[in-house]
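Just need the whole structure built from these sequences, with the hints factored in.
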Amino acid sequence: MTMLDRMRRHRDWLKWSLGLVCVAFVLFYIPDFLRGSGADAASGDTIAKVEGREITSGEFRRTYQAQLQAYRSAYGANMSEQLLKQLGIEQQILQQMVDERAALAEADRLGIQASDEEVRTRIVTMPAFQENGAFIGDARYQQLLRMQRPPLTPADFEDNVRNSLTVEKLRAALTDWLSVPDNELEREYRRRNDKVKLAVVSVTSDSVRAQVTASDADVSSYFDAHKDAFKIPEKRKIRYLLIDIDAMRAKTIVPAADVERSYNNSIEQYTTPEQVRASHILLKTEGKDDAAVKAKAEALLKLARAGADFADLAKKNSEDTDSAKNGGDLDYFGRGRMVPEFDQAVFAMQPGQISDLVKTQYGYHIIKLVDKKNATTRTLAEVRQQITDQLAYERAQAQAADLAQGLEKQISKPADLDKVGKAQGLTPQESGFFAHDEPILGLGPSPEAATKAFQMKQGEVSGALRASRGFVFETLVAKQDPYVPKVEEVKDRVRDEVVKQKARELSKQKAAELAAKLKSASDFEKAAKAAGVEAKTTDLIARDSPLPDLGVAPAVEDAAFTLGVGTVSDPIATDTGTAVIKVLEKKEVTSEEWTTAKDRFREELLTDRRNRFFAAYMSKAKLKMKIDVNRETLQRAAS
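Whatever position you read off the sequence shown (first residue = 1), add 79 for our numbering.
Please keep in mind that the hints were generated in silico from the structure rather than gathered at the bench.
One or more hints might be untrue.
Unchecked claim - Here are the computed distance ranges between Cβ atoms for each label pair: (1) Glu509 x Thr456: 32 to 38 Å; (2) Ala289 x Lys498: 56 to 62 Å; (3) Gln170 x Ala207: 41 to 47 Å; (4) Ala329 x Gly431: 40 to 46 Å; (5) Ala387 x Lys677: 35 to 41 Å; (6) Glu509 x Asp303: 33 to 39 Å; (7) Asp618 x Gln221: 54 to 60 Å; (8) Thr669 x Ala390: 28 to 34 Å; (9) Ser491 x Ala207: 51 to 57 Å; (10) Tyr696 x Gly521: 42 to 48 Å; (11) Ser299 x Gly542: 30 to 36 Å.
Stated by the list, open to error - Using 30 Å as the maximum straight-line C-alpha spacing, the simulated DSSO-like pairs for lysine-lysine come out as follows: (12) Lys330 x Lys314; (13) Lys699 x Lys531; (14) Lys452 x Lys394; (15) Lys579 x Lys306; (16) Lys531 x Lys703; (17) Lys394 x Lys367; (18) Lys274 x Lys665; (19) Lys531 x Lys316; (20) Lys666 x Lys605; (21) Lys451 x Lys314.
Glycine included, C-beta positions come from ideal geometry on N, C-alpha and C.
Next comes the structure, spelled out in structure tokens:
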């Protein structure tokens, strides 16, 4: 699995991580996030304005670099800016900054602000400024601010704390009235935590696709009934002058001294932090008698230390279901990925060692350290080519942006594309027709260029636009109005839709026949096997869990939690075909578990409800605000 695959798999964690970094960024490390401090606030071009409040390229770069370092701490030296860009991190960061300024504008409109006393109280209680439970004093406070890069003045820092508090007060004013009724609270807790164990068989459309065909008559009939679905959208054709970053990069020479300087200045980028591989057994305490759980954990610890197979103990006893099925294996992880108590214990161990009981918020853990990898740093020789390529690209990108900016005043009519192109050694090109969401011939996927093409009139020339290959100036050459095509023009698309529909119907038919056999069978798995399909058994799972061959399937989930134990379902339509399930076991939340979790869950649900309300409120508020974003400046700042 590639680094990008892992990041996409954990996209929700990444969003959480971004929010966490931004909070830390506001509260201490780089307190120019909301307003901008000192030189950085004044440095660089303006990326965006929200009701007159600026976001500068200097502020953006500081936030971006902080996020990059956070990901590298979590994922190691293999993290690159290219991966971040593929995940759209720069857009997320900009949106976060725009949202913060929009919140400040709304607070100002409503007359909400933080007082000097509130700012002072927040600062003196920050952990960064505490020692032995007391404020470190003004002298050391100012010293710590001066140690930041760039140095911070108390006024800059306090303004940003004031902004952070103002947003908190706005959120409180808008959401503190919200509540969650007890009956709704319990219903939602049970909905999330009741579990079910299933045997699942599925007849996917793909598995029967080869058994169906679509005749020409089928194609014609389907097309006549669904003509609008095959309508060809409006398309446009442009003529453009491209400033190609790759072409400029090929001519860019990077001195060896610059490569060495970049390596030394970013040595942490090439360092993989210490990592460990561990297995664990977890016995949960929530809703249970702590002493009884601890006694069982101590008994398991004795067995493990006496030589019992740790993986077997984990499979049979651990209540961390994800790792238990793998013998408790947690794979490799770095510091900070586990809760503090677990983290502290595991990094103090040696390979082969089994820990004492470790108590965390989840319960009692028994940890076995499998392997430990010391922190390593790749040498300059190992990464020289990587750095050279990166610097060459960055410099070519900057040169291309500067050239594009310089040419804007020279290109105002279509003929200028040829005139300026000749002077620069560039040749204008013509695209084919493309729809708004299609790649442009010669440019590839270039949303900004495509959007502009659909806004222009013939005879107009755009300014410099960002394209996948660099910067482009374009003029509209021709338009093609939307139309309903002849069936011959889209025959392959129509045939594919007919085959898909027939395959879905066949999967339903086969699943219905299968369900009839399974309902009358004494052994679900054997009956499924005899019918030529495999029954796959799940663990005890909650709602929204992926199912074998189906992924997350709401219709199957609804049936699973509605049917009684031992019941076989009717055929259930899914996105991939049709499924039949048998409910093997149910585990409902007990009254004791609910009583224990009630207060914590109320806070969790209330926080979620307040966050969603605040987000919806601010989305409407932003519609009335003047928000301007300079995409070119954003691209330069993120490069």
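Results of checking the hints against the structure:
1. Glu509 x Thr456: 32 to 38 Å: violated (50 Å)
2. Ala289 x Lys498: 56 to 62 Å: Holds - the Cβ-Cβ distance for alanine 289 and lysine 498, about 58 Å, lies within 56 to 62 Å.
3. Gln170 x Ala207: 41 to 47 Å: violated (30 Å)
4. Ala329 x Gly431: 40 to 46 Å: violated (53 Å)
5. Ala387 x Lys677: 35 to 41 Å: holds (38 Å)
6. Glu509 x Asp303: 33 to 39 Å: holds (36 Å)
7. Asp618 x Gln221: 54 to 60 Å: holds (56 Å)
8. Thr669 x Ala390: 28 to 34 Å: Check passed, 30 Å falls within 28 to 34 Å.
9. Ser491 x Ala207: 51 to 57 Å: holds (54 Å)
10. Tyr696 x Gly521: 42 to 48 Å: holds (44 Å)
11. Ser299 x Gly542: 30 to 36 Å: violated (48 Å)
12. Lys330 x Lys314: Outside the cut-off at roughly 36 Å; violated.
13. Lys699 x Lys531: holds (26 Å)
14. Lys452 x Lys394: Distance ~26 Å between lysine 452 and lysine 394 Cα, so the pair holds.
15. Lys579 x Lys306: holds (17 Å)
16. Lys531 x Lys703: It holds: about 24 Å lies between the C-alpha atoms, which stays within 30 Å.
17. Lys394 x Lys367: holds (21 Å)
18. Lys274 x Lys665: holds (6 Å)
19. Lys531 x Lys316: holds (12 Å)
20. Lys666 x Lys605: Status holds; Cα separation ~25 Å.
21. Lys451 x Lys314: Roughly 58 Å between the alpha carbons, so the hint for lysine 451 and lysine 314 is violated.
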